[in-house]
Amino acid sequence: DQQVKQNSPSLSVQEGRISILNCDYTNSMFDYFLWYKKYPAEGPTFLISISSIKDKNEDGRFTVFLNKSAKHLSLHIVPSQPGDSAVYFCAASEGAGNQFYFGTGTSLTVIP
Amino acid sequence: GAVVSQHPSWVICKSGTSVKIECRSLDFQATTMFWYRQFPKQSLMLMATSNEGSKATYEQGVEKDKFLINHASLTLSTLTVTSAHPEDSSFYICSAPDRTTREETQYFGPGTRLLVL
Chain A
8 DQQVKQNSPS LSVQEGRISI LNCDYTNSMF DYFLWYKKYP AEGPTFLISI
58 SSIKDKNEDG RFTVFLNKSA KHLSLHIVPS QPGDSAVYFC AASEGAGNQF
108 YFGTGTSLTV IP
Chain B
4 GAVVSQHPSW VICKSGTSVK IECRSLDFQA TTMFWYRQFP KQSLMLMATS
54 NEGSKATYEQ GVEKDKFLIN HASLTLSTLT VTSAHPEDSS FYICSAPDRT
104 TREETQYFGP GTRLLVL
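In order, the protein sequences belong to chains A and B.
Per our numbering, the first sequence starts with residue 8, numbered consecutively.
Per our numbering, the second sequence starts with residue 4, numbered consecutively.
By construction, these hints were calculated from the structure, which means they are not laboratory data.
Computed from a predicted model, the values in this text were never measured in an experiment.
Cβ atoms here follow ideal geometry from the backbone N, Cα and C, with glycine treated the same way.
Hints may be right or wrong, so weigh each one.
Unchecked claim - Below, a sample of chain A positions facing chain B; criterion: calculated Cβ distance under 10 Å:
| # | residue |
| --- | --- |
| 1 | Q9 |
| 2 | Q13 |
| 3 | G23 |
| 4 | N34 |
| 5 | M36 |
| 6 | Y39 |
| 7 | L41 |
| 8 | Y43 |
| 9 | G67 |
| 10 | F69 |
| 11 | A98 |
| 12 | G104 |
| 13 | N105 |
| 14 | Y108 |
| 15 | F109 |
| 16 | G110 |
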């Protein structure tokens, strides 16, 4: 049973525009969330995290929003750049020190 | 910042041989490390939890005799794929939580791509 879901397998965005990647989870005990991006044949690269005590965390062009009541988080990338083209995974855990459950990923293509 | 390394990053081996993958926490000690596996076009799936000083905890469906895990020290965990077969070809990733900082976080290794011929 997939506890973390990314319902959009792919997304295309024009360079300079905003990319919004969505993630839903089912386990209300999850309280720590991560976003990773992955290029082909490489390991995941950490982007940004958020704990459930916050509803927003920002790092440069990347902002993660957490809606606990909806069990939903999203990653906003603005402005999008061609180098952002990759597969993005969200992951959730009960506490930052425990195992993570990963979504199936969303492939983002930023069109120059 | 804290880094988790994996070695090797790429390995190609013949069917029937064993392959050892190392996961090291470079800046912190990790009593626990996690091993994940990624199948093509699927998400990362937890294989096992490596515990320093005790046996690893395996997820359901993961053969503990095939995927040997040894948490040799507070900075090193190894995953040995024994008698590897082509279906073991995958991307293996480890992670380690850093519980020494005020705000606990977890770091992922860069992954090891295994190809069994």
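Quiz item: Hints broken by the structure, by number, lowest first?
Solution: Violated hints: 3, 4, 5, 9, 10; rest satisfied.
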